[in-house]
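J.: Residue numbers (our numbering), protein chains in the order written: chain U, 1 to 95; chain Z, 96 to 190; chain G, 191 to 656; chain R, 657 to 1122.
There could be a bad hint or two in this list.
Have a look at the derived ranges for each label pair, beta carbon to beta carbon [stated by the list, open to error]:
1) Z:Pro-121 <-> G:Ala-252: 33 to 41 angstroms
2) G:Asn-377 <-> R:Leu-661: 44 to 52 angstroms
3) G:Gln-447 <-> U:Ala-64: 17 to 25 angstroms
4) G:Asn-377 <-> R:Ala-718: 34 to 42 angstroms
5) G:Tyr-598 <-> R:Ser-1022: 30 to 38 angstroms
6) G:Gln-340 <-> U:Ala-64: 48 to 56 angstroms
7) G:Gln-447 <-> R:Gly-777: 46 to 54 angstroms
8) G:Asn-192 <-> R:Tyr-713: 42 to 50 angstroms
9) G:Val-366 <-> R:Leu-706: 36 to 44 angstroms
10) Z:Pro-121 <-> R:Ile-717: 34 to 42 angstroms
11) Z:Pro-121 <-> G:Asp-633: 42 to 50 angstroms
12) R:Gln-978 <-> G:Tyr-598: 48 to 56 angstroms
No lab work stands behind these hints, which were simulated from the structure alone. The C-beta atom is built at its ideal place from N, Cα and C for all residues, glycine as well.
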Amino acid sequence: MEMIVMQLALFVLSLFLGVELITKVPPTLHTPLMSGTNAISGITLVGAVIAAGAGDSASGLVHALGFIAVVMATVNVIGGYLVTNRMLAMFKRKN
Amino acid sequence: MEMIVMQLALFVLSLFLGVELITKVPPTLHTPLMSGTNAISGITLVGAVIAAGAGDSASGLVHALGFIAVVMATVNVIGGYLVTNRMLAMFKRKN
Amino acid sequence: MNTNLVDLVYLFSAVFFILGIKGLTKPKTAVRGNMMSAIGMLIAVVITLLDKSIVSYEYIIAGVLVGGIVGGIMATKIQMTSMPQMIAMLNGCGGGASLGLAAASYLLTLGSDGYESGVMGVIAVSFVMITVLIGSVTLTGSLVAFAKLQELISGQSIGFAGIKFLNAALFIAAIVMLGMLCFDPTNSTLFWGLIAASCILGITIVLPIGGADMPVVIALLNSYSGIAAAAAGFIMGNTVLIVSGSLVGASGLILTQIMCVAMNRSLTNVLFGVMAEGSETIDADEIYAGKVKSAQPEEIAMILETARRVVIVPGFGMAMAQAQHAVRELCDVMEDKGIEVEFAIHPVAGRMPGHMNVLLAEAEVSYDKLVEMDRINPTFEQTDVAIVIGANDVTNPMAREDKGSPIYGMPILNVDKAQTVVVIKRSLSPGFAGLPNPLFAQDNTLMVYGDGKKAVIDITASLDLA
Amino acid sequence: MNTNLVDLVYLFSAVFFILGIKGLTKPKTAVRGNMMSAIGMLIAVVITLLDKSIVSYEYIIAGVLVGGIVGGIMATKIQMTSMPQMIAMLNGCGGGASLGLAAASYLLTLGSDGYESGVMGVIAVSFVMITVLIGSVTLTGSLVAFAKLQELISGQSIGFAGIKFLNAALFIAAIVMLGMLCFDPTNSTLFWGLIAASCILGITIVLPIGGADMPVVIALLNSYSGIAAAAAGFIMGNTVLIVSGSLVGASGLILTQIMCVAMNRSLTNVLFGVMAEGSETIDADEIYAGKVKSAQPEEIAMILETARRVVIVPGFGMAMAQAQHAVRELCDVMEDKGIEVEFAIHPVAGRMPGHMNVLLAEAEVSYDKLVEMDRINPTFEQTDVAIVIGANDVTNPMAREDKGSPIYGMPILNVDKAQTVVVIKRSLSPGFAGLPNPLFAQDNTLMVYGDGKKAVIDITASLDLA
Ligand SMILES: NC(=O)c1ccc[n+]([C@@H]2O[C@H](COP(=O)([O-])OP(=O)(O)OC[C@H]3O[C@@H](n4cnc5c(N)ncnc54)[C@H](OP(=O)(O)O)[C@@H]3O)[C@@H](O)[C@H]2O)c1
Ligand SMILES: NC(=O)c1ccc[n+]([C@@H]2O[C@H](COP(=O)([O-])OP(=O)(O)OC[C@H]3O[C@@H](n4cnc5c(N)ncnc54)[C@H](OP(=O)(O)O)[C@@H]3O)[C@@H](O)[C@H]2O)c1
């Protein structure tokens, strides 16, 4: 229970920090920001990996769900970072 | 132990948040900012109160230290907020 | 491995995410920032793989391979003009992953010891169910948004009169099931019911929203996918999920708000698909009749010939026509002739925030030529020619002048103040807001009808010859 | 009371602190921000008092009464010009409180069960000792800073050649004792030794630093007092202490950095009391001889009479002379005569960041008349008269031109570009940096010798009569 209050504290602080950070991003970078934060939300990959690697005791359905979660999270992560990088590289090229 | 890692996480996040917030404060308000954050550091009052209220089992020295801590923290808190308020009220008055 | 060490490493990776987003606040540091955030991800994943709780690796490896290939191909093949779709798709994957992981964790816990009884159990289950709810809505909502943007289904509002009530009913049903599950986690029928209701809800919420409002929906769903990740973090007691999930949640919310402000509409207004009510119906014919003048590319080239300052105003049509490279060449030719050229960027031009910036950056237009609305507006009076390429609503003077207009109050680019206005579009048909644009009927406006790319290329060719 | 509830309330009060600091980012919301932060404090203290772990209230009530009265009187009686001292004093109290609380907690734990053995015990003790170390240095360091600023002791660098070695030795001794205590927490001799060494260290670190560098020291100690509070939070497992302590820690660090940048000096350079080396010794007589012109207040009034734009440049001397109200009246009289008046605010004018702003705000000068260095510098060429009141280093053109000068590279106000420069100070003696100022010997400069307040009043009177 104590842990949950601490986690709540982390959650609240991160929200504040997020707001402060994001409001500083200039409009020029809003599209890469969207895809970049999107890639970050692929952090669920960490959870998905744990679910998919749960071992033989788990039912087939758990494995299937874990597998799907890993696939989707990986698409999110790899696709998100690569496409953001592609966009940002264009911004850099000329300047 | 797990708690300490969580506390460390809170510490780190708050540092980041502090940096983001403070860099937004305009030079005009730097003096009140100094006294205002100073007042916040008087939050040790919370700890001081616990130490000073430790009950009869504690030695006289503990009570004395607790008392001194309460006095100093209260000076810090009351003095800090009042003087900041005095300064800020001056900024407001004309505008 | 020692769980404290793992937690410390997670903290480390959260710091990388924070530094990454910090990097995104400046074009110069943005690439490095994205890299740092990717490193943070790598660290988090590697330490998780090394953690003792993972027993079998085959599903993980297979999943990462499949996902990596799909994601990699999508990211390298996608056209810059299709970025909104891409983000919708990625977003759906994020939501789906949260859903999958929550469901797997639920089944795992049921399969082993089950949930604790008492407060802790209720809290644990409720986080799982919240993740399921948000994850499902994000998944299906994003897929519908994708389909609309990719024009797999009509971009128009799809639905029927009572769809709001259906949505309300679905939402209430989902909440009730969620509540019941908290006290009876073993009832897996309820669980599948919750997933089904939430998935349908995602679809029926997004279907009635018009295609052009999709970016707002996507930003909002982006925020949801972050919140879902944070909720999953509460399930697993994982700090990095909580921290980075809430960062993403905040990001999505702020982008949503920025868009709404720039369109002068409220979020509810966007979500329920209503435009502000106009007090009068506006008749396009009355505005345009006999007053619209059109011109050929050659004539425009002649006008540009003598101009000293030109402002280019790109809009959604430039993206549709993929005209960004052509525009850049026009800009080069004008600059060769000593003309001062700037681009006026409206915050919601196109179909997502920063859309025009990305396209023009792709065409290698330097970003100091891209000027924000507030800074460029005062300069239109000293501008000889404003070239509007596929922009419409963001230049509509009704937003400034006509109190009865549905877009009244939306900040616009004051293109009409320029000496001459050249508007390149295919017809007189309206833009996203569905309104006629009095700009087209102004004395100093010349319409060039045609596909954006072709028209620009023609103008460039004539100017180059001159 | 339920500890989870207490923790939740602490989180709530941390949010108030965050919103409070957020409020301080705009003059309009600053008062409210300060209020919110005070409310956060109140909430935290009240919930702590209600918490079950408090048994006896007499010491608390006595302490709060004494502290409240002392703090209240100090805050209401202090002159605005003495703000640096006040902050030094408050800061010392913050450090002292952390020290007292850490010591009390140490004795309490020893008196009951003692510290756990193993890693957890070492970590717990080390937080106590870190708090003791930082708290002591903050306490005594701030008191010395206070004494210097209040001129109870000389503002000059006090010390002897080997003081750096003494400091190094003290620091090493403190760290060694700290380390030994972690493994043998019961050795209370070591504990008192640590306190003694740290207290002396605070004194001997600050004594050699010049009085004008005190603001940097105070900002740094402010940061320390925050870190001490955060460390105390780790001792007690208290989230609100950790969060708000680290916010304060960040704030102090950033202010320190801002000052160092504005003075073009590094932090080590400030702390070890060295100015940048000048490559040549500068002879004041050579610069001033026969070139300095002085004038009477009446003559200045005549010049002002015909001016259209005047910029007032306040510095440390205005604070010393308490001339802010007089300056404001001069400004009013000039404005009545149709003269445009602005104030040029250098980031390190005076003796603390924002010092001039506070003084002028006290005299009710509207803050949109206070213009920052970067914005006002380009306007000096269109300025008829620049009136420099008790400022010196921040106007010294050597910083811009003379590569050999110790202050070369420090950004300055380009007062010398104004049509006429009027400098009000008591003599030709140098400012904080100890350097002659070629500005005083310029053709277009007139010196008005005298106390700042009196000189300004005289000028105002003559101008008013004219
Ligand atoms: N950017 C965002 O984040 C965002 C988010 C939500 C909503 N919106 C909304 O989207 C709208 C954006 O305004 P906007 O001015 O950029 O676009 P718009 O008002 O939607 O107008 C785009 C114009 O481009 C023309 N066009 C389409 N294809 C073309 C082609 N191939 N060649 C040449 N022209 C073409 C169309 O006219 P023809 O058919 O005659 O060619 C249309 O009038 C605003 O109403 C805004 O509120 C934007
Ligand atoms: N603001 C900060 O945060 C901060 C922090 C650290 C260091 N500093 C340093 O402090 C200095 C600030 O520059 P500054 O230009 O404001 O001040 P300054 O260079 O220290 O000069 C102040 C001048 O005021 C004159 N003065 C003193 N008392 C006076 C009175 N009663 N009436 C009239 N004049 C009086 C003095 O000359 P007379 O004796 O001839 O009258 C002196 O030359 C810089 O060197 C800066 O680096 C500032």
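J.: Take the C-beta atom of Gln-340 of chain G and the C-beta atom of Ala-64 of chain U, compute their distance, and say whether it sits inside 48 to 56 angstroms.
T.: violated, 28 angstroms
J.: For Val-366 of chain G and Leu-706 of chain R, compare the CB-CB distance with the range 36 to 44 angstroms and indicate the outcome.
T.: Holds - the Cβ-Cβ distance for Val-366 of chain G and Leu-706 of chain R, about 37 angstroms, lies within 36 to 44 angstroms.
J.: Is 17 to 25 angstroms a correct range for the gap between the Cβ atoms of Gln-447 of chain G and Ala-64 of chain U?
T.: Given range 17 to 25 angstroms: violated, Cβ gap about 38 angstroms.
J.: In this structure, is the beta-carbon distance linking Asn-377 of chain G and Leu-661 of chain R contained in 44 to 52 angstroms?
T.: violated, 31 angstroms
J.: If I claimed the Cβ atoms of Gln-978 of chain R and Tyr-598 of chain G lie 48 to 56 angstroms apart, would that claim hold in this structure?
T.: 54 angstroms Cβ-Cβ, so the 48 to 56 angstroms window holds.
J.: Could you say whether the range 42 to 50 angstroms given as a hint is met by the Cβ separation of Asn-192 of chain G and Tyr-713 of chain R?
T.: holds, 43 angstroms
J.: Does the Cβ distance between Pro-121 of chain Z and Asp-633 of chain G fall inside 42 to 50 angstroms?
T.: Holds: the Cβ-Cβ distance is about 46 angstroms, inside 42 to 50 angstroms.
J.: Falls inside 33 to 41 angstroms, the C-beta gap from Pro-121 of chain Z to Ala-252 of chain G?
T.: For Pro-121 of chain Z and Ala-252 of chain G the Cβ distance comes to about 55 angstroms; the hint is violated.
J.: For the hint 34 to 42 angstroms, verify it against the beta carbon of Pro-121 of chain Z and that of Ile-717 of chain R.
T.: holds, 40 angstroms
J.: State, for the Cβ atoms of Gln-447 of chain G and Gly-777 of chain R, whether the hinted interval 46 to 54 angstroms holds or is violated.
T.: holds, 49 angstroms
J.: Could you check the hint for me, namely that Tyr-598 of chain G and Ser-1022 of chain R are 30 to 38 angstroms apart, CB to CB?
T.: holds, 35 angstroms
J.: Has the hinted range 34 to 42 angstroms been met by the Cβ atoms of Asn-377 of chain G and Ala-718 of chain R?
T.: violated, 59 angstroms
In summary, the numbered hints that this structure violates are 1, 2, 3, 4, 6.
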